[in-house]
Amino acid sequence: MTKFNNWITCPHPEPNAQVRLFCLPFAGGGASIYRPWGKLLGSEIEVCPIQLPGRENRFSETPIKQAQAMAQSLANQIQLYSNKPFFIYGHSMGALLAFELARALQENGMDMPQGIFLAAHRAAHLPRKREALYALPDDQFIDRLKRFGGFPQEVLDSKELLAFLMPTLKADFTLCDTYQFQSGTVLQCPLHLLAGNDDIEASPDVVEPWSQHTADVAKLHVLSAGHFFLRTHQDELIQILKKVILPATENELANIHA
1 MTKFNNWITC
11 PHPEPNAQVR
21 LFCLPFAGGG
31 ASIYRPWGKL
41 LGSEIEVCPI
51 QLPGRENRFS
61 ETPIKQAQAM
71 AQSLANQIQL
81 YSNKPFFIYG
91 HSMGALLAFE
101 LARALQENGM
111 DMPQGIFLAA
121 HRAAHLPRKR
131 EALYALPDDQ
141 FIDRLKRFGG
151 FPQEVLDSKE
161 LLAFLMPTLK
171 ADFTLCDTYQ
181 FQSGTVLQCP
191 LHLLAGNDDI
201 EASPDVVEPW
211 SQHTADVAKL
221 HVLSAGHFFL
231 RTHQDELIQI
241 LKKVILPATE
251 NELANIHA
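Using UniProt numbering, the first residue of the sequence shown is number 1, and each one after it goes up by one.
I should point out that these hints are in silico values taken from the structure, not numbers from a laboratory. Watch out, some of these pointers could steer you wrong.
DEER-style ranges, computed between Cβ atoms [said to hold, decoys possible]:
hint, residue 1, residue 2, range
1, Asp143, Val217, 37 to 47 Å
2, Asp139, Val217, 38 to 48 Å
3, Gly184, Asp205, 23 to 33 Å
Owing to the predicted nature of the structure, the values given are computational and were not obtained by experimental measurement. Ideal Cβ placement from N, Cα and C applies to all residues, glycine included.
Input sequences plus hints: build the corresponding full structure.
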């Protein structure tokens with residue numbers, strides 16, 4: 001059985017699975033948000049949530065505030081577990097990291113994913129429309145978080161919990177709000193784009209332009225949902241993932257054995 005580390009977790013190991021799905025969290029999130037996916041996606045897909053520094057069991061570590069630097073660290077970790085075909089899923093901030101991770105893998109000549117799921121984030125080259133949040137005073141910052149929705153109310157209502165999580169939240173929004181897109185690498189893998197119709201932060205019209213960043217196919221999946229559809233529309237999202245991952249894996253294995 002594969003031994004995982006502090007970056008790559010695996011709550012429900014599936015040693016006989018033919019494919020892995022690496023999952024990157026939204027701002028402030030940790031690997032635990034993907035824990036249910038292991039059972040929901042079934043034994044054919046091994047779900048491997050990525051634990052970034054500065055949260056949950058890595059809370060004592062310093063968060064990384066620069067997307068490309070994070071991507072290089074992630075690329076080195078992913079490569080250790082690329083002995084099977086794999087996909088990458090990223091939600092919101094995680095989508096930005098998934099994109100930069102795939103670029104780092106390709107630029108370094110490493111194994112590439114069979115596809116990338118970019119969810120709930122505008123295409124990397126598009127400008128940010130909202131104000132930068134990371135430099136706001138804490139009370140204003142929290143008020144903006146409440147507008148996003150999706151953050152547990154018990155966290156937003158607890159001064160102690162918010163104070164505990166504030167360094168990670170501020171670091172993640174620093175990463176997002178100071179991100180500078182660098183033109184160049186065009187990905188050589190499929191992109192699966194996911195957007196919520198009611199997402200005021202990343203509507204389908206700003207998610208679809210991710211398609212410009214691949215020389216392969218890109219497909220947009222639109223859900224009748226808001227920003228955090230990985231929670232509110234989990235069953236629908238899981239079905240989309242299965243419909244993409246399982247046929248692609250079967251085709252890849254057929255090519256290997258041809």
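ask   = Okay, which hints does this one fail, numbers in order?
value = Structure breaks no hint.
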